[in-house]
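Protein chains in written order, with my numbering: chain V, 1 to 321; chain E, 1 to 297; chain P, 1 to 454.
Certain hints may be false.
To be verified - Which residues of chain P face chain E? A few of them, derived with a C-beta cut under 10 Å, are:
hint	residue
1	Pro89
2	His245
3	Asp310
Since the hints were derived computationally from the structure, they do not count as laboratory data.
Yeah, the Cβ is synthetic: ideal placement off N, Cα and C, and Gly gets one too.
The chain contents come next:
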Amino acid sequence: MAVATPKKGSLFRRQHLFAGVTLTPIMVYMMFFTMVPMVWGILITFFRYSPTRAGEGFLGLGGANPFVGINNYLDLFANTPTGQLFRISLKNTLIFSLLYLPLNLIVTLPLAVLIESVSSRIKSFFRTIYFLPTVTSAVAVSLVWGVIYHPTFGLLNLGLRALGFNGFAWLSDPNTRVLGIPLPMICVLITYLWSDMGYNIVIFMAGLQGIPDVYHEAAVVDGANAWQRFRYITLPLLRSTLTFVMVMTMLSSWQVFVLFFVMTNRGGPANLTRVLVLHIYETAFRYQEMGLAATVAMVLFLIIMITTLIQLKLLRKDWEY
Amino acid sequence: MAVLGKPQTLLKETTGTAPAKTGLHVTLGQVLVYLVLTVGIIYTLIPFLWMLGTSFKSATEIVRMPPTIIPEKFTLNSYLTIFNDPRVPLGRFYMNSVIVTFSIVTMVLFTSSLAGFVFAKYQFFGKNVLFTLILATMMIPFQVTMIPLYLVLVRLGITDSLLGLIVPGATSAFGIFMMRQFIEGIPSELIDAARIDGASEFGIYYRIILPQMGSALATLGIFQFMGTWNDYLWPLIVITTTEKRTLPIMLTWYNSQHGSRADLTMAASVLVILPIVVIYFFFQRWIVRGIALTGFK
Amino acid sequence: MSAQKSMSRRDFLRVAALSTVGGALAACQTATPAPAGGEQPKPDAGSKEKITLRMWSHQNPSFVGANEKLVARYMELNSNIEIKYENFPYNDFITNIQTSMAAKNEADIIEMFGSWVQSYAKGGTLAPVDEGVLTLGKARELFYAAPLDGYVWEGKLYGMPNEYNLENGAVLVNKRMFSEAGVKDPPDWPSWDALVADAKKMTKFDGPTMTVAGFHFVNGDGLGFLFWEGVLEKGGEYFANDGVHLNLTSPQAKETVQWMYDMAVKDKVVDPMTFNPNSNWVGESFFQGLVAIGFIGPWIVPEGRRNYPDFADPWGYVSCPHFGSERKFAADSGWGKVVSPNSKAIDECWKFAAFCTMDKANARQWNVATGTIPALIEVAEDPTLLQDIDWIGPSLKVLPQGRYVGFLQDRDYIWYTVLATRITECLQGARSVDETMQLMNNEANAMIDQKLQG
Numbered sequence: 001m002a003v004a005t006p007k008k009g010s011l012f013r014r015q016h017l018f019a020g021v022t023l024t025p026i027m028v029y030m031m032f033f034t035m036v037p038m039v040w041g042i043l044i045t046f047f048r049y050s051p052t053r054a055g056e057g058f059l060g061l062g063g064a065n066p067f068v069g070i071n072n073y074l075d076l077f078a079n080t081p082t083g084q085l086f087r088i089s090l091k092n093t094l095i096f097s098l099l100y101l102p103l104n105l106i107v108t109l110p111l112a113v114l115i116e117s118v119s120s121r122i123k124s125f126f127r128t129i130y131f132l133p134t135v136t137s138a139v140a141v142s143l144v145w146g147v148i149y150h151p152t153f154g155l156l157n158l159g160l161r162a163l164g165f166n167g168f169a170w171l172s173d174p175n176t177r178v179l180g181i182p183l184p185m186i187c188v189l190i191t192y193l194w195s196d197m198g199y200n201i202v203i204f205m206a207g208l209q210g211i212p213d214v215y216h217e218a219a220v221v222d223g224a225n226a227w228q229r230f231r232y233i234t235l236p237l238l239r240s241t242l243t244f245v246m247v248m249t250m251l252s253s254w255q256v257f258v259l260f261f262v263m264t265n266r267g268g269p270a271n272l273t274r275v276l277v278l279h280i281y282e283t284a285f286r287y288q289e290m291g292l293a294a295t296v297a298m299v300l301f302l303i304i305m306i307t308t309l310i311q312l313k314l315l316r317k318d319w320e321y
Numbered sequence: 001m002a003v004l005g006k007p008q009t010l011l012k013e014t015t016g017t018a019p020a021k022t023g024l025h026v027t028l029g030q031v032l033v034y035l036v037l038t039v040g041i042i043y044t045l046i047p048f049l050w051m052l053g054t055s056f057k058s059a060t061e062i063v064r065m066p067p068t069i070i071p072e073k074f075t076l077n078s079y080l081t082i083f084n085d086p087r088v089p090l091g092r093f094y095m096n097s098v099i100v101t102f103s104i105v106t107m108v109l110f111t112s113s114l115a116g117f118v119f120a121k122y123q124f125f126g127k128n129v130l131f132t133l134i135l136a137t138m139m140i141p142f143q144v145t146m147i148p149l150y151l152v153l154v155r156l157g158i159t160d161s162l163l164g165l166i167v168p169g170a171t172s173a174f175g176i177f178m179m180r181q182f183i184e185g186i187p188s189e190l191i192d193a194a195r196i197d198g199a200s201e202f203g204i205y206y207r208i209i210l211p212q213m214g215s216a217l218a219t220l221g222i223f224q225f226m227g228t229w230n231d232y233l234w235p236l237i238v239i240t241t242t243e244k245r246t247l248p249i250m251l252t253w254y255n256s257q258h259g260s261r262a263d264l265t266m267a268a269s270v271l272v273i274l275p276i277v278v279i280y281f282f283f284q285r286w287i288v289r290g291i292a293l294t295g296f297k
Numbered sequence: 001m002s003a004q005k006s007m008s009r010r011d012f013l014r015v016a017a018l019s020t021v022g023g024a025l026a027a028c029q030t031a032t033p034a035p036a037g038g039e040q041p042k043p044d045a046g047s048k049e050k051i052t053l054r055m056w057s058h059q060n061p062s063f064v065g066a067n068e069k070l071v072a073r074y075m076e077l078n079s080n081i082e083i084k085y086e087n088f089p090y091n092d093f094i095t096n097i098q099t100s101m102a103a104k105n106e107a108d109i110i111e112m113f114g115s116w117v118q119s120y121a122k123g124g125t126l127a128p129v130d131e132g133v134l135t136l137g138k139a140r141e142l143f144y145a146a147p148l149d150g151y152v153w154e155g156k157l158y159g160m161p162n163e164y165n166l167e168n169g170a171v172l173v174n175k176r177m178f179s180e181a182g183v184k185d186p187p188d189w190p191s192w193d194a195l196v197a198d199a200k201k202m203t204k205f206d207g208p209t210m211t212v213a214g215f216h217f218v219n220g221d222g223l224g225f226l227f228w229e230g231v232l233e234k235g236g237e238y239f240a241n242d243g244v245h246l247n248l249t250s251p252q253a254k255e256t257v258q259w260m261y262d263m264a265v266k267d268k269v270v271d272p273m274t275f276n277p278n279s280n281w282v283g284e285s286f287f288q289g290l291v292a293i294g295f296i297g298p299w300i301v302p303e304g305r306r307n308y309p310d311f312a313d314p315w316g317y318v319s320c321p322h323f324g325s326e327r328k329f330a331a332d333s334g335w336g337k338v339v340s341p342n343s344k345a346i347d348e349c350w351k352f353a354a355f356c357t358m359d360k361a362n363a364r365q366w367n368v369a370t371g372t373i374p375a376l377i378e379v380a381e382d383p384t385l386l387q388d389i390d391w392i393g394p395s396l397k398v399l400p401q402g403r404y405v406g407f408l409q410d411r412d413y414i415w416y417t418v419l420a421t422r423i424t425e426c427l428q429g430a431r432s433v434d435e436t437m438q439l440m441n442n443e444a445n446a447m448i449d450q451k452l453q454g
């Protein structure tokens, strides 16, 4: 790490002073809006807390918002509608995230390789267009895809019917499954892929450009074909990028909210697209059960922490490679 | 950063199978490449075109069977309806979005570059602990803290106000992280030389560091802009009254349990994404560079 | 790639400083924390002091238009009162009310749905009606019981209804489709079977795709109304014996859902996959010419006319059949005015609420503009009302046969999340009728148990 060599005497004190004066307010401010909520959030998971009930003690806890120990956590595993709904949301979140990661990689990595292979002027055109959906408001994305998926007037069914197929009730069919995955969930996956794939394409392209050309040249001399070059040169040298992409993609897929809120109309049909983030929002703000909602949020946090730490461990290994 | 404008080698252009570049193979391979990429482009662009097309159709034409692909009769009705809807003060929503986005972007740029500078170029007790703390807050998803954060704002009395949107967003852990990564790359000799010349510490930040950071600031700025402009969940929670709503909240205005007219929702969508698309085309170089930067360092 | 191309530091600092200050200032201007009650009248300064009241409602344009007129006239008559009126997307309205009540910055006057009122009254977030303005006894004389009962909690009145909310007793019909299919118009259905038989003749398919639904009843509001009506007319009761919990597994309840299922799956008069609360909602698809008979309340007419001005088919709103010997149904209370206990000028709020709901001319004007059924008996019984809302006759006829649906703890949860969602899923084939009844019963009562705790 490049650090200015500390000098003795007043110069050194002056630097300390500057660091203290600038950093202290920024850090205090930031911690106030992150760590305070974090601690408060953990605290209310032990209370049956709703701001609609006037509590007695500190922060409105106690009284009508009684301490319930770990009951909120136990509720998540109880055989009640509350528990069931949580577990459905958890299951859907896992389905979504675990499917989205490979889906994204299968599409973005080859696309990035292909875009990298074309001449540089047209390349930046492709990159610009592919990235365009990522700047678009998620609400607008949900609305336009909702129109595309519309069973009667939607573009998708229009196309299918023109080809002689039957249309589908894409977003409201609770029965149709493809490889066991509910149709509406597939629709969300496709839409999210559309809105998100630009990021990874650009990251992969940057990664590809970091691979020295000599490797490929040498492989060509040795008679390797395109697939072999990809498999034995590009892929291994791209591993750190790949791991990074996996962490980031996974992280963001846990947090998708708007598509499930607007496009599939709050987790419908039959709760097939109800995910944890939506469940947290509804529990906290529609039903005002904030203690319970914070508990679900903690579970989500735990899942995210664990998956991230595992992946970061992989990442560190790769960086040492 | 080897991100932009690096000349391509011939080798990467040959995605054909033959090691030697015989004309026909190359062309076939390239045709395939362009074919796949064009299909991808169609997938990417169709929703935009459909949005635009639908916004110019009349409500009747949208539901006609069989449906039309290109508007038969171009009409601006949906846009006029939105502009003339007294219940949707569009100008106000734009204003709110601009105020919130602009405030957050400038504050984040300022706090991030300053803190990033200190973390990159100063030695002090507890530095590693503090930086780890910042990295840790980056790991906390917003959804985990949004409930208590809302409760904090209730106690501060700034729910249902633009301040409620701005205040929690004035600092960014990601921004500090990114700025530190960038500033570390600036040679310390520059700073030492300035000190010898008698520059103050803030003067170093202002005269030495900031001028080097144009692209990094632009990158962080554009990211922050996109994030704030498109944010939906937090305004949904914090804002209630009409005159304080931001644009994404306006989008769901025409999409409700009791009716959603596709012409209106699509026209509203066009109006909301237009500014950001324009800005994107201006700044896309920095976005690409920023992704590469944060993706690698 | 170099710094010069982007932003000079001077520019940056200037912009940063200006906009931070400017942004914060602008934000402050719009962000003055607005406690209910607004401009704080000095209590003893007399009525000449300007008082600002805030009022909220949902966004349906006809409702908003009706309220705007009342607000304007009231401000004209009372120069010291200013009412700032705002409205909300329907989907976010409840959440907005709740979050703002928790933060105590809700509006002074809220146009609330009657069947929500008891939940809020129970939570202590509504002010009881000023006895000087209206007593409960007097209210019983003025309003129908069904809408009024929603506003009563533990013997106290918490607001005044504008609307008697029901969708029972009548259906929208597309007369063009009737004549094209040779169906008798106006219809005179002796039973549901007769209606379904006609609906079948008007249902159209393009291959397997339903292009016209003969009888579209798969709607968020409608499924609940039909369900309660079916249970009652078949001689059942949806409240459990304790009068608090629900009994959704009774034979009558099951028969009702089975009947809906048969209409959708056996008779195929509606395809619940494509015609449901989320896509092709009846309030739209009827005015898009996709529905022959639609089950929905009379309030949809002004909305439909407004949203689909090109809809040219002749239409009507006609009586529909019922089960059993006589019609029995449960109505929602309906939209009306309630007042925040945090308001600084509660008295003034109640005066305005009374102006909107108890004054015959005003109440009538509100009902006419919104196409809703009057809660004020005087208005509903006035024969000239039909001159202004000519389609509402069939609904008026059934008013005396309706009762208030009762306190459901969280009405929207029961109505939409449980009834409408689960029955739609059942019709779509996601669960059997038996499983559906069991699931609905569990979910509804679990919510009620939870509410009883606190």
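Practice item. May I ask which of the numbered hints given earlier this structure violates, with the numbers listed in increasing order? Key: Violated: hint 2 alone.
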